[in-house]
Amino acid sequence: MTGEQIIFILTALFTLGSGFMVVTSRNLIHAALWLVSALFGVAVTYALLSAAFLAVVQVVVYIGAIAILFIFAVMLTRKDMRDQGPQMNSNWWFGALLSVLVFVGLFFLLQGWSGMSRTASAIPAGFDAISELGDALISPDAYVLPFEVASVLLVAALIGAVYVAAFNRK
Amino acid sequence: MVPLSWYLIFAAALFSIGLFGVLSRRNAVAILLGIELMLNSVNINLAAFWRYGDVLQMTGQVFAIIVFAVAAAEVAVGLALVISVYRRRNTVVADEINMMKW
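Heads up: the sequence lines are chains A and B, in that order. Per my numbering: the first sequence ends with 170, consecutive numbering throughout. Per my numbering: the second sequence ends with 1102, consecutive numbering throughout.
Since the hints were made in silico from the structure, they are not lab data. Just so you know, nobody snuck in bad clues.
Here are a few chain B residues that face chain A, going by a calculated C-beta distance under 10 Å:
| hint | residue |
| --- | --- |
| 1 | Tyr1007 |
| 2 | Ala1012 |
| 3 | Gly1021 |
| 4 | Gly1034 |
| 5 | Phe1068 |
| 6 | Ala1069 |
| 7 | Ala1073 |
| 8 | Val1092 |
Cβ-Cβ distance ranges computed for the label pairs, FRET-style:
| hint | chain 1 | residue 1 | chain 2 | residue 2 | range |
| --- | --- | --- | --- | --- | --- |
| 9 | A | Asn27 | B | Pro1003 | 35 to 41 Å |
| 10 | B | Gly1053 | A | Gln111 | 16 to 22 Å |
| 11 | A | Gly115 | B | Asp1095 | 41 to 47 Å |
Using N, Cα and C, we set each Cβ at its ideal position, and we do this for glycine too.
Model the full structure from these sequences, guided by the hints.
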């Protein structure tokens, strides 16, 4: 077993354990903090895949903005279900069964695919993934239109969020 | 070298955990936490297919970045809705948010 495989297995176990704690912990603040550690494990996975920009964006945007937004939302809505009462609905066993079935189904579907044991080819010398990514995002031949649509979507969503959450007394 | 299958199975497991959270938590904020886990597992798949496919094509990473933007938009709107509902109904339990149930 190479070092990379050991690091991958440790990262995957850490991330899956944190994800399990996110969906099962009773205290929502703890769930949000477990989400931070799961997101950090995913950032390490990006680094293992040599997607450096994605790893940095994961830490800055996901952990720095989205997870903190979750913690704010939990603190703003905390009054009514602190720790008392069931945190799972009455059909939680159905959700557990369905998610196990989805995992088993995906597992067998992937087993039957011929590309599963593919290994990564070496990154060519002098290939700069970050500048290639920047070119792809703003080049008219590539993805400038989806990029601009995503920006407009983000602006619209944030204006909508401000409007929906603003306290307007009728 | 880690084979592609490890990444895909890891992402499938993370997706299933997130799906369990979405289907079985009562708190609306916890449901959104589950959705975040599912979006992250999809992003792992996109990055893995970029790395194990043609590295010179940046499609996988571009898709992952657009998923980041959509996830940020989704969280902002979702949490704003939760806070708005909490102000009006004083609850964040998904079962009790039934104003539109006929």
